[in-house]
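Student: Add chain B to chain A, keeping to what the hints say.
Protein chains: 2
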Amino acid sequence: MPTRGFPTAEYEARTARAQERMAERGLEGMLLSTEADVRYFTGFHTAFWQSPTRPWFVLLPAAGKPVAVIPEIGVPLMRTTWVDDIRSWPAPDPDDDGVSLLIELLSPLSRLGLPMGHETHLRMPLADWTRMRAALPGLEIEDATEITQGLRAIKSEAEIAKIAHICAIGARAFSQVPEFALTGAPLDGVFRAFRRAALTEGADEVPYLVGAAAQGGYADVISPPDAQPLATGDILMLDSGCSWDGYFCDFDRNWAIGPPTDAARRAYDTLWTATQAGIDAARPGATCRDLYDAMARSLGTSGGNVGRLGHGLGMQLTEQPSLAAFDETPLAAGMVLTIEPSLPYGDGLMMVHEENIVVQDGPAALLTPRAEPELPVIG
Amino acid sequence: MPTRGFPTAEYEARTARAQERMAERGLEGMLLSTEADVRYFTGFHTAFWQSPTRPWFVLLPAAGKPVAVIPEIGVPLMRTTWVDDIRSWPAPDPDDDGVSLLIELLSPLSRLGLPMGHETHLRMPLADWTRMRAALPGLEIEDATEITQGLRAIKSEAEIAKIAHICAIGARAFSQVPEFALTGAPLDGVFRAFRRAALTEGADEVPYLVGAAAQGGYADVISPPDAQPLATGDILMLDSGCSWDGYFCDFDRNWAIGPPTDAARRAYDTLWTATQAGIDAARPGATCRDLYDAMARSLGTSGGNVGRLGHGLGMQLTEQPSLAAFDETPLAAGMVLTIEPSLPYGDGLMMVHEENIVVQDGPAALLTPRAEPELPVIG
Numbered sequence: 001m002p003t004r005g006f007p008t009a010e011y012e013a014r015t016a017r018a019q020e021r022m023a024e025r026g027l028e029g030m031l032l033s034t035e036a037d038v039r040y041f042t043g044f045h046t047a048f049w050q051s052p053t054r055p056w057f058v059l060l061p062a063a064g065k066p067v068a069v070i071p072e073i074g075v076p077l078m079r080t081t082w083v084d085d086i087r088s089w090p091a092p093d094p095d096d097d098g099v100s101l102l103i104e105l106l107s108p109l110s111r112l113g114l115p116m117g118h119e120t121h122l123r124m125p126l127a128d129w130t131r132m133r134a135a136l137p138g139l140e141i142e143d144a145t146e147i148t149q150g151l152r153a154i155k156s157e158a159e160i161a162k163i164a165h166i167c168a169i170g171a172r173a174f175s176q177v178p179e180f181a182l183t184g185a186p187l188d189g190v191f192r193a194f195r196r197a198a199l200t201e202g203a204d205e206v207p208y209l210v211g212a213a214a215q216g217g218y219a220d221v222i223s224p225p226d227a228q229p230l231a232t233g234d235i236l237m238l239d240s241g242c243s244w245d246g247y248f249c250d251f252d253r254n255w256a257i258g259p260p261t262d263a264a265r266r267a268y269d270t271l272w273t274a275t276q277a278g279i280d281a282a283r284p285g286a287t288c289r290d291l292y293d294a295m296a297r298s299l300g301t302s303g304g305n306v307g308r309l310g311h312g313l314g315m316q317l318t319e320q321p322s323l324a325a326f327d328e329t330p331l332a333a334g335m336v337l338t339i340e341p342s343l344p345y346g347d348g349l350m351m352v353h354e355e356n357i358v359v360q361d362g363p364a365a366l367l368t369p370r371a372e373p374e375l376p377v378i379g
Numbered sequence: 001m002p003t004r005g006f007p008t009a010e011y012e013a014r015t016a017r018a019q020e021r022m023a024e025r026g027l028e029g030m031l032l033s034t035e036a037d038v039r040y041f042t043g044f045h046t047a048f049w050q051s052p053t054r055p056w057f058v059l060l061p062a063a064g065k066p067v068a069v070i071p072e073i074g075v076p077l078m079r080t081t082w083v084d085d086i087r088s089w090p091a092p093d094p095d096d097d098g099v100s101l102l103i104e105l106l107s108p109l110s111r112l113g114l115p116m117g118h119e120t121h122l123r124m125p126l127a128d129w130t131r132m133r134a135a136l137p138g139l140e141i142e143d144a145t146e147i148t149q150g151l152r153a154i155k156s157e158a159e160i161a162k163i164a165h166i167c168a169i170g171a172r173a174f175s176q177v178p179e180f181a182l183t184g185a186p187l188d189g190v191f192r193a194f195r196r197a198a199l200t201e202g203a204d205e206v207p208y209l210v211g212a213a214a215q216g217g218y219a220d221v222i223s224p225p226d227a228q229p230l231a232t233g234d235i236l237m238l239d240s241g242c243s244w245d246g247y248f249c250d251f252d253r254n255w256a257i258g259p260p261t262d263a264a265r266r267a268y269d270t271l272w273t274a275t276q277a278g279i280d281a282a283r284p285g286a287t288c289r290d291l292y293d294a295m296a297r298s299l300g301t302s303g304g305n306v307g308r309l310g311h312g313l314g315m316q317l318t319e320q321p322s323l324a325a326f327d328e329t330p331l332a333a334g335m336v337l338t339i340e341p342s343l344p345y346g347d348g349l350m351m352v353h354e355e356n357i358v359v360q361d362g363p364a365a366l367l368t369p370r371a372e373p374e375l376p377v378i379g
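From first to last, the protein sequence lines stand for chains A and B.
The numbering of the first sequence is UniProt numbering, which starts it at 1 and goes up by one.
The numbering of the second sequence is UniProt numbering, which starts it at 1 and goes up by one.
Chain A with its partners taken away, still in its complex shape (with noise of 0.2 Å):
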């Protein structure tokens, strides 16, 4: 079992990438609001954030620590961070929710950089940004998305570590399901006998899972589930994010309750082939399109009209980059991928299929164990 955690270095050394970054930029800092960015450079990590009611912040400064301005309750928690300079307020305060201090830190600088790009969000209250620009009209805000998507697309070697960690915890769950996906036995249920089953295997939690199973195949992916019971000819799909000490896996398993039909086994045996494509196509310098390219090509015309093929994955279940073709990032070491081909079929219908790899000199290796290349009857 990985070490949870990380030693300081490993933030130091994220800490001095951004900061070269920012330095081409010639930005002075970075303003960070969302819990993934956050714990990156300081490893905060706390539940407390499903509370939507405080803001947290943290400056990246142009050299030096990071400096967090949060609520007063996550202050013992942040002192057992690397981060030396907390500065807090008594969150809730409707009338000044840390931007007072925001604004005092800021002040001094004239050009800041702030993830506004795709994929992001400012978790502060749109007013308080407004009121916070308002009073420090000399300074420059500029898009720093590429720098934080940027570094967190590469993992560490400690964090591979963990998501190959909760990876095998989440296989080990997957292996179990025909136990339980029984016919009669209510999807609800299934979810319920999914969830054990993962923390029963060692993950922390199980913040994602959809799935799906309906006659001869599903059609939509991302409902919650009922409690109709499995019946003979279902195609069953459970797509999980577990996490592990803040790391995520993110892949699904499909199977057929009793004999499936042709249709259904042809879907699966061209995913199944498309995801190898994918895998075999991941090699540094290859770009996220060449993946998307790989995959499109393999799926063929059948592959209908289908927005990305895969996503990077780590703190978040999503993360840069997408496997698409707007995306020409290159691949490099290190990026932890989901190659995740789509497949419509039969009468409205459709498949998933997911595996979870990290790029790395040569071909790459797979942190999911390779889904069965024939589709498993249950039953």
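Everything labelled a hint here was simulated from the structure, so no lab data went into it.
Misleading hints may appear alongside valid ones.
Heads up, the list lumps identical chains together, so a pair's fine if it works in one copy or across two of them.
[As the list claims (entries may be wrong)] Calculated lysine to any residue pairs in the SDA-like style (CA-CA distance at most 25 Å, straight line):
hint: 1; residue 1: K65; residue 2: Q215
hint: 2; residue 1: K65; residue 2: D143
hint: 3; residue 1: K65; residue 2: D220
hint: 4; residue 1: K65; residue 2: R4
hint: 5; residue 1: K65; residue 2: A214
hint: 6; residue 1: K65; residue 2: P224
hint: 7; residue 1: K65; residue 2: S223
hint: 8; residue 1: K65; residue 2: D327
These numbers were taken from a predicted model, which means no experiment stands behind them.
Tutor: Chain B in isolation, oriented as in the chain A frame:
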């Protein structure tokens, strides 16, 4: 067990009430971008929001049903709701992630409401928001926080039934803690066992679980658990937000592992009494501040610098209002609240205590079975 989902009449009523308040404010529409706000008015319920990749929008027009502007992947699920007007794009598209669709939809309006105050955020890239604003120079944006938060704070009978159901599930899970929180059990294992118990008892998910265990008492209530084994003399606290059909409980329990110190016993007594004072004060017409004052008086000078002593509860773990000195919101029948006093004691220790209630005519109704009046001892 309550029924999953809501009849269309519930969404019609929510929308009509919002539109009434919008009319009073002269708002021609209200733009929503967060999971809970979108679900509240549409019934769109999916774990897919956990991926930060895609933005999702709903416009509440001055009259008629909500209009959805969402990624294509969500269309089949949105079609199962009462929403008719669904506009979609093949997200993710970094060049235009719904922005053109929003501009087209909003261009006829001159006055738009947006939740942008305390406890809100805008779930879309700030750069996209800025681009949209620039394309709609005639559009005035007004803070509509009080409309969404005000409506959501008063729960319907159907919502209260769901919260009562998950509170009962959480209580059954808490009642099993003495079976697995034994001397020598590592705290992270206790967390896993609690999550499994809650799932077994019928929770859909256990998104939130914090807690602590330490000799004589704990000092921090937001850290993740470590593998330190429980020892005689520890005070253990678990605080959990389990969910069922998208509604939360949020309460905690304390236990002594072996005989507790007198200081811990006294802290527990003080908190139990302060909790009772809060429950007793919760009558329609009293304000949130009155509840805060009742608990603060009961805690006496021992209360320390406490920011708030409870909050709203429902589709999110924490919602408006706040039981705090700054919150003059009058209590009204249908408000579901956590009563959550905390107490510093000893040498940097603290204790927390939390129950869930619903405000109604006459005395408030407990949704959680009242904690034992004396600190329960395990072993």
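Student: All hints are to be evaluated individually against the structure, with a verdict given for each.
Tutor: Hint-by-hint comparison with the structure:
In this assembly of identical chains, K65 and Q215 lie within 25 Å of each other by CA distance neither inside one copy nor across copies; the values are 56 Å within and 33 Å between. Taking CA atoms no more than 25 Å apart as the test, K65 paired with D143 passes inside one copy only; the shortest distance there is 21 Å, against 36 Å between copies. With identical chains, the CA atoms of K65 and D220 are at most 25 Å apart between copies only, with a shortest distance of 24 Å across copies and 46 Å within one. With identical chains, the CA atoms of K65 and R4 are at most 25 Å apart within one copy only, with a shortest distance of 22 Å there and 49 Å across copies.
With identical chains, the CA atoms of K65 and A214 are never at most 25 Å apart, being 53 Å at best within one copy and 30 Å at best between copies. With identical chains, the CA atoms of K65 and P224 are at most 25 Å apart between copies only, with a shortest distance of 23 Å across copies and 42 Å within one. Proximity of K65 and S223 under a CA criterion of 25 Å is satisfied inter-copy only: 22 Å between copies versus 43 Å inside one chain copy. Taking the closest pair of Cα atoms, K65 and D327 never come within 25 Å of each other, the shortest separation being 32 Å inside a single copy and 37 Å across copies.
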